[in-house]
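**Q** Protein chains in written order, with the UniProt record's numbering: chain A, 1 to 329; chain B, 1 to 346; chain C, 1 to 364.
Hints in this document: simulated from the structure, not taken from any laboratory. Yeah, the Cβ is synthetic: ideal placement off N, Cα and C, and Gly gets one too. Errors might be hidden in some of the hints.
[As the list claims (entries may be wrong)] Partial chain B-side listing against chain A, Cβ under 8 Å, derived:
| # | residue |
| --- | --- |
| 1 | Met1 |
| 2 | Pro7 |
| 3 | Gln72 |
| 4 | Phe78 |
| 5 | Glu81 |
| 6 | Ala83 |
| 7 | Ala171 |
| 8 | Arg247 |
| 9 | Ser251 |
| 10 | Leu254 |
| 11 | Val260 |
| 12 | His263 |
| 13 | Pro317 |
[Said to hold, decoys possible] Derived DEER-like restraints, expressed as beta-carbon distance ranges:
| # | chain 1 | residue 1 | chain 2 | residue 2 | range |
| --- | --- | --- | --- | --- | --- |
| 14 | A | Lys129 | C | Pro12 | 27 to 37 Å |
| 15 | C | Arg74 | B | Asn187 | 38 to 48 Å |
| 16 | A | Lys129 | C | Arg22 | 47 to 57 Å |
| 17 | A | Asp291 | C | Thr341 | 53 to 63 Å |
| 18 | A | Ala232 | B | Leu244 | 12 to 22 Å |
| 19 | A | Leu298 | C | Arg74 | 50 to 60 Å |
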Amino acid sequence: MVLLRNLGLSSLTPSVLELFAAQGILTAEDFVAHELHKVSAAAGQRSESSEFKEAVAELLSYLENRQGGWCNGFELSQKEVRYLPLGCESIDNLLRGGMQEGTITELVGVSSTGKTQMCMQAAAHAAYKLRCSVIYIDTCGAFSAQRIAHMLGGMLGSLVQVEEQRDGLTLAMKSIQRRAYFDIFSVLAFLQDLHTTLQACAEHSSLRLLIIDSISSVISPVLGGNHSQGHALMISVGQILKKLATTYKLAVLITNHTVAGDGGQPKPALGGSWKSVPHTRLMLSHDSSNDVYTISSLKHTSLSCTKQAAFRVGRAGLDSVVGARRISE
Amino acid sequence: MEVVTLPLPPSLRSKLQAAGYSTIDSNVSPVELARDVCITHEEALGIIKLIPTSNVSPCGTGASSALDFCGQNAWDLFRHEKAKRRIITSCHDLDNILGGGICTKEVTEICGVPGVGKTQLGIQLAVNVQIPAELGGMGGHAIYIDTEGSFMVERAVQMIESSVVEIMRRAMLDPQVDMEALKSEVNVDKFLSQIYYFRIHDVSEQVAVINTLEKFMIEHGQVRLIVIDSVTFHFRQGFEDMALRTRLLSSLSLKLMALVQKHDLAIVLVNQVTNKITQEGSEVVPALGESWSHACTNRLILYWRDGQRFASLFKSPSLPTATAAYEVSAKGITDAFQTYKKAKYI
Amino acid sequence: MSRKLLRSMNLPGSTANVFSARSLHSAKDVLCKTELELMELLDMPLPVLSSVLARIYDCVCPPYRSVLSLWIERNAKEVAGGHLPTGLRELDHVMCGGVPFGLITEVVGAAGVGKSQMCLMLSVLTAMPRSLGGLDGSVIYIDTEHKFSPGRMMEIAQHKFPDIFRDAEMLQQLALRVLVLHPSSVNDLMESLRALEKAIIERSARLIVIDSVAALLQSEYGRDRIIERQEMLGQQATILKFLAEAFRIPVLVTNQVRTKSDNQWSGPASANAPHDAHNRAIPIDFGEGGLEQHLTAALGTKWAHSVNVRLVLECTVSGHYLIKIVKSPMSPSVSFPYRLTQGGLELDTDSRPSGHIKKEETFY
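Model the full structure from these sequences, guided by the hints.
**A** In structure tokens:
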């Protein structure tokens with residue numbers, strides 16, 4: 001929150017601001033943190049003035065407008081929930097439709113388990129089939145436009161020779177924006193910039209998918225050490241991603257790597273504080289003997305975590321493998 | 001912009017937060033800021049300069065920065081990727097599985113057991129990057145950062161000698177090539193002079209050299225390949241704090257990635273292998289742990305099987321996993337012998 | 001080793017004080033921290049920190065050289081282009097002159113094949129004047145198993161160069177050129193290695209021999225202290241490499257052979273592993289021939305990475321001795337039969353060298 005005097009409320013005259021400042025209230029946050037009757041008591045005589053009462057009233061209504069507004073469970077259930085499918089049947093079935101808009105989906109896995117392939121598949125599918133624009137933040141040099149082209153070619157199938165379809169391919173590729181950043185401050189600056197931009201023109205934007213591959217490679221170098229700034233930065237990333245997802249109904253797809261967990265089994269990196277950031281966590285693994293990639297759900301807001309899905313990575317994208325097993329508890 | 005997300009020293013950050021600034025705008029006045037926060041004008045200006053300015057314009061009247069899709073979209077990148085030249089390895093099968101050779105704007109890792117030919121491949125690439133552009137090469141210079149002392153000058157000379165012979169032979173078949181001009185560019189001394197050698201003895205030197213590469217690139221604009229042989233050696237001992245090692249390695253790898261993106265450059269990292277104890281016994285895996293696996297764009301693993309050397313592409317964003325056989329001869333890296341000729345696509 | 005101190009780098013006064021106030025005195029203290037950690041620790045704005053770090057990087061980064069200048073320098077200054085001729089003609093030929101300077105050459109073999117003999121022979125050769133193919137320098141011989149025998153060395157010298165070593169005086173001069181150290185523990189060994197820099201300069205040493213590198217480590221650090229052992233070994237390797245390169249001298253180490261049952265190595269990883277291991281398993285196979293598959297030099301993969309040249313001495317089932325180049329950046333995979341004689345090792349010139357004589361010589 002900003003300073004009270006920068007809120008642009010006309011009733012907050014200099015004398016009122018001075019009154020507040022005398023009690024250590026400089027921002028709206030401070031105002032909320034102080035109990036109102038105590039503030040009035042400390043203001044003494046001047047709390048009777050209309051100026052003061054007007055300022056308090058305007059401030060309170062400003063704060064009320066800032067919060068999202070209440071809605072009950074029924075209203076919520078009526079709200080349309082849209083999904084962004086990835087274009088691979090088994091995965092979309094596992095997710096009951098795909099990535100839910102307004103949520104953050106995290107892919108976790110050791111190296112070479114298909115995380116980047118899934119991200120590129122999601123981008124290609126969204127750009128072509130759903131005709132939306134995609135922002136792909138690449139922090140590990142893994143984005144390959146050629147691969148996107150293969151995947152799009154796979155979606156076009158035999159139609160790739162037809163002129164209009166080729167234009168469709170070009171258009172789809174032009175709607176995938178790729179940004180390469182290699183430090184956390186640049187990523188945060190970009191996300192903030194995106195937020196500001198979307199604030200100004202959300203209605204005109206066709207952006208529906210934001211991918212960050214991988215978020216852990218910019219966060220892990222700043223975590224640890226003798227300071228807590230890294231942790232604060234990580235939390236800020238989580239907050240801004242959530243804000244972007246919920247405010248602009250974006251589907252956010254991020255990848256994370258693993259660290260050794262209990263019993264030698266890999267667990268998601270970035271620690272316990274990061275756990276609450278993604279709404280959905282999917283764990284990927286690869287079986288090299290039959291070249292099958294398996295994806296299972298570690299955390300999902302509305303699905304049970306007992307199913308798995310399998311896919312292969314083919315030349316033209318991800319191919320479903322049927323026969324997803326149910327993990328017995 | 002949230003104050004906590006700006007790269008500020010802790011004292012300035014806490015002063016800002018104490019004065020009520022948990023977010024800050026780029027158009028705040030430095031004088032006002034200095035007065036509110038009790039800092040100097042210079043410090044205030046320094047803070048404001050850190051805030052990225054966004055060019056937000058109403059949609060329809062011009063592109064705003066975050067949603068500006070020009071120059072950074074997949075289509076433009078696709079056209080650039082197709083036009084990229086590659087550095088060949090001199091083994092046709094290996095080049096094939098790599099999609100033509102080592103690619104610029106990518107970090108490629110080569111790992112393998114001792115003696116399998118990692119350094120050989122590194123030296124061969126440092127030679128091949130110099131193949132002139134008119135013959136399909138990159139015509140660039142190379143930096144060889146040697147952390148183990150395994151670079152052998154005699155070997156480089158051997159490889160260059162046979163490479164020069166091969167280049168001249170091919171050039172003679174091409175009527176468009178100016179042989180006289182080529183001779184002055186393609187000779188043993190010239191090639192030797194275009195490989196810049198750094199000998200690194202410990203971790204601090206390794207960190208220092210990676211951080212000075214940017215400056216080096218500005219001074220020597222023709223460098224197209226950097227080989228670090230090996231990136232592992234100094235990090236394998238003297239680090240009790242493994243978390244620190246991981247952080248350092250991650251930040252170094254990010255710097256290398258940023259470097260390749262900024263310049264038209266390929267970086268090849270040679271990595272060692274280590275034994276890992278698993279349920280079945282011990283296994284040979286690339287060194288430096290799981291977190292290092294994310295540091296490279298491509299990973300090539302070299303190994304022996306039945307007395308033959310193989311190279312396996314284990315990680316690549318756009319190429320399938322595949323294996324090729326290769327050989328190391330007096331000329332350098334060469335094709336494998338007949339029995340192992342065919343590259344296997346898994 | 002580079003332990004450059006910050007105060008020698010002419011940093012601006014105020015900055016230097018901040019660093020030392022936070023106990024950052026050497027370049028290593030600073031460079032082993034990420035930039036964010038430094039900013040938090042030193043409470044320094046980023047632009048100031050970046051410029052200070054740039055200055056530190058410039059000071060610490062070693063200068064570069066073009067390979068051409070290295071090549072010219074070596075040819076001009078060094079014997080046989082930077083090699084110590086072993087006197088075994090065919091071996092020297094494929095090794096481009098002999099045991100290379102600036103690298104660690106490891107001689108591996110079972111007990112009794114002649115590793116120590118080879119060390120003694122090379123010590124004699126090092127001490128010889130340049131006109132006779134030697135390096136005219138002294139030798140530092142680190143003997144961990146008390147196998148060094150002055151008598152045997154003299155015998156080798158007399159046999160190889162009968163004209164020169166006719167009398168006791170010349171033999172004594174030879175003996176004076178060899179400094180023998182007997183470290184009794186691993187710590188002792190590490191101390192000796194660290195002190196070698198001065199010794200090399202004082203004695204104009206042109207060869208370092210360590211016979212053997214494994215003995216003390218294996219006795220003091222058993223199987224349950226493998227990580228510490230590997231750490232020690234790594235440190236040894238670093239010091240030896242540094243000495244070899246700084247002084248452009250050969251370093252010769254000997255190593256025992258270990259059979260497969262002694263370690264946990266279970267051979268090539270199975271391709272049908274039920275669950276994928278955390279990292280990919282790489283199938284390993286140490287080369288052709290049934291014999292070599294079972295010969296694993298002691299001390300493991302990490303040491304194997306540090307050694308640049310590896311020669312294997314073995315005694316085949318038929319009683320013949322073979323010296324084989326197993327790892328070398330620039331020599332083909334050839335083996336030569338040899339005999340153990342009074343003069344140390346001698347190649348068996350009656351039988352031809354065997355190996356992969358293909359159209360293009362392949363390298364191991």
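**Q** Check the structure against each numbered hint from earlier and tell me which ones fail, lowest number first.
**A** When the structure is compared with the hints, numbers 6, 7, 12, 14, 15 turn out to be violated.
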